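Residue numbers (our numbering), protein chains in the order written: chain S, 92 to 495; chain E, 368 to 672.
No lab work stands behind these hints: they were computed from the structure. Hints are not guaranteed to be accurate.
What the hints assert, rightly or not - Derived PhoX-like pairs (lysine-lysine); straight-line CA-CA distance at most 20 angstroms:
hint	chain 1	residue 1	chain 2	residue 2
1	E	K509	S	K178
2	S	K355	S	K413
3	E	K531	S	K178
4	E	K531	S	K126
5	E	K446	E	K612
6	E	K466	E	K612
7	E	K468	E	K586
8	E	K548	S	K451
9	E	K656	S	K278
10	E	K497	E	K509
11	S	K451	E	K612
12	S	K451	S	K390
13	E	K659	S	K178
14	S	K178	S	K251
15	S	K278	S	K390
Just so you know, these numbers come straight off a predicted model, no measurement behind them.
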Amino acid sequence: MSELVIPKPVKHKFFTPGMVIVTLLALNGLYFLAKRFLFGMGAVTNLNNFYPWGLWIGVDVAAGVALAAGGFVTAAMGHIFHLPNMKPVIRPALLTAMLGYTFVGIGVMVDIGRWYYIWHPMIYWNGTSPLFEVGICVMTYLTVLYIEFFPIVTERFRGKVNLPNILSIFNKPIEFLFKLFDNTLGKAMFIFIIAGVVLSTLHQSSLGTLMVIAGYKMHPLWLTPIMPLLFFISAICVGIPMVLFESLIASRSFGVKPEMEVLKNIAAYVPLLLGIYLGFKLGDMAIRKSFVYLFEFNKYSIAWLIEIIFGVIIPLVMLNFKKVLNSPLWLFIAATLVVAGVLINRINTFIIAYHPLYAKVAYVPSFGEISVTVGFICLMVILYRIIVMIFPVISLPVKNEEKY
Amino acid sequence: MSDNARRDFLKQVGITTAATVGLSSITAKADEYKSGEVQGVLVDIGVCVGCRNCERACQVAHNLPAGDPEEYHNRDVYKEFRRPSTHSLTVVNEFENPKNKLIPYDVKYQCMHCNHPACVSACIVGAFTKNRNGAVTWDTNKCIGCRYCMVACPFQIPTFEYDKAIQPKIMKCDFCFERTKEGLLPACVANCPVEALTYGNRDELLVLAKKRIARYPDKYIQKVFGEDEVGGTSWLYIAPVDFEKLMFPTLGDKPAPGVTEAIQHGIFSYFIPPLALFGWLGGVMWLSKRKKELTESETKKEEDK
Ligand code: SF4
Ligand code: SF4
Ligand code: SF4
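Throw the hints in and build the complete structure from the sequences for me.
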């Protein structure tokens with residue numbers, strides 16, 4: 092890298108044809124969301140007494156948490172293990188985590204029948220419940236993420252607070268607060284960074300514990316007591332691919348050259364992680380002898396094979412080739428496969444593998460459920476775009492810098 | 368990535384995984400649930416005539432729309448297999464008797480009131496309580512409507528009011544907790560015309576059940592359903608055919624929440640593992656930072672030369 096790369100706000104026009112579609116999809120989701128809150132879960136979802144959990148828990152919550160893992164993975168690799176080359180990706184990953192977890196929180200609120208009681212776990216504790224642990228950890232981690240993001244806000248505005256007219260009397264106090272923050276909380280930031288990693292370790296794995304209690308209602312290809320470990324490792328696996336995925340999309344969308352030097356260096360960690368994951372997954376199958384179910388030809392064995400072949404094995408092989416690491420397109424494909432693999436794993440675990448007694452027809456998400464999930468993803472894209480245009484998140488080569 | 372970095376990284380990953388595996392393997396014993404106070408009901412499928420009086424009595428006792436008593440004589444409902452729902456906490460299903468078409472098997476279903484209830488263990492806010500008399504009850508003031516109890520229950524019992532936007536409830540048989548408190552029989556038991564349901568101390572009911580099976584060995588199969596299933600349940604069944612034929616799940620004798628609670632205790636025993644992880648990460652952070660600074664200053668020195 093000859094030129095210096097530093098994070099700074101991106102300059103670009105907001106609406107592109109793609110963004111118009113994204114906005115429309117977000118609005119469609121909001122329509123069904125309104126319907127859910129006005130007329131109840133039954134008016135929008137295909138959930139019933141046999142299938143109490145569906146797309147919203149499987150994708151918005153479980154997959155959402157996993158795909159937001161880039162935040163703690165990059166923080167751990169960069170700030171704690173001090174691995175080289177992590178710097179330029181920590182901020183984008185942090186932003187994704189912050190947005191991702193915000194929407195996980197909103198997703199939970201949408202899915203629980205009594206959304207106005209979402210704070211109940213804070214006062215009514217049940218230590219034997221993995222869901223309780225997930226709830227508490229996610230709430231705390233979300234707070235930690237906002238604290239971790241705050242320095243980016245102060246960096247943007249410190250020394251530049253210039254409110255107009257009458258509000259200008261607040262200029263000094265706000266500057267003072269920013270300064271106070273940088274001098275105190277900023278110094279204690281390492282505590283929050285470690286706390287974020289600990290909290291993530293706990294709830295990423297506890298999400299895997301959730302379905303253990305469903306016991307025989309779960310298909311044995313997925314049900315194992317090491318589900319928490321598998322969830323944790325797969326969350327670590329998907330952290331970097333998610334960063335690659337976003338950086339490549341963002342640079343394309345904003346028309347800047349992707350930082351291939353940086354991306355290919357961090358991508359090199361991925362095959363190792365995927366290998367560890369695959370080892371545990373297959374080793375566990377061998378010990379429990381659950382591989383016999385792969386020889387039955389049904390939706391379970393097909394779902395499992397898709398998850399492992401496309402989500403783990405193919406990207407694992409791909410990322411060993413220099414050609415893949417050096418080409419934005421191939422790198423994007425490999426990263427997308429890992430991301431999709433973890434997404435499919437969460438869908439398989441929470442939706443496909445769960446086959447309750449007595450259900451007459453299998454659950455298929457309704458149009459409304461899909462609309463809400465898609466709508467949330469689109470809202471996240473919109474917010475991501477707004478934030479990187481205001482705050483110094485994405486690292487750009489200084490050479491291209493225009494004065495601002 | 369340099370070779371050194373890769374090796375360090377591997378080492379650190381190895382330690383983390385080992386720690387997590389270690390945590391999950393700590394097993395906690397599920398506490399024994401033994402109490403002379405535990406009540407139960409013995410359901411004798413060989414006696415039940417499928418009159419559905421229990422269904423109606425249950426609805427009336429819980430202020431649910433019960434409908435006209437006449438409707439309950441219509442045996443057409445048996446054409447379809449039904450499950451307990453938000454408006455009927457117990458239902459009776461009928462199965463054909465291959466040996467004698469005139470005497471079908473009628474089976475009443477409701478919450479089993481497990482000795483180690485999965486719903487109690489799973490609920491995020493602890494809205495379910497296992498009471499001293501065995502009844503598993505639900506607290507509307509705590510429930511957030513997450514429906515994890517429905518995922519957890521091995522008998523697929525809790526149901527949810529999906530059509531309500533405000534205060535949807537989890538509905539299930541509460542063993543007539545309010546009635547038994549006042550010394551009344553559960554409504555279904557009190558209204559059974561043929562004494563297919565017997566209410567009493569669970570231990571005594573087990574003795575009674577085994578006596579009945581022993582006295583009529585041709586009539587009953589050699590099994591009391593609920594004696595050992597998922598660690599035992601308050602409601603017990605004896606029947607003339609295999610329980611799988613009557614749509615009961617095949618369950619082992621291990622309490623449903625066992626594995627989950629073992630994992631939870633492993634990860635959370637007195638907050639020691641999370642704190643240890645915190646400390647370890649802090650140490651790694653400090654050490655790796657020093658190392659990085661050292662290497663950087665060394666490279667500088669070399670550049671200076
Ligand atoms: S049958 Fe289900 S709802 Fe009833 S006590 Fe057992 S776990 Fe709970
Ligand atoms: S739906 Fe209510 S009772 Fe059931 S697990 Fe959630 S909070 Fe507990
Ligand atoms: S015990 Fe009470 S709540 Fe349960 S089925 Fe009988 S009448 Fe209904």
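Under the constraints set out in the numbered hints, which ones does this structure not fulfil? 1, 3, 8, 14, 15
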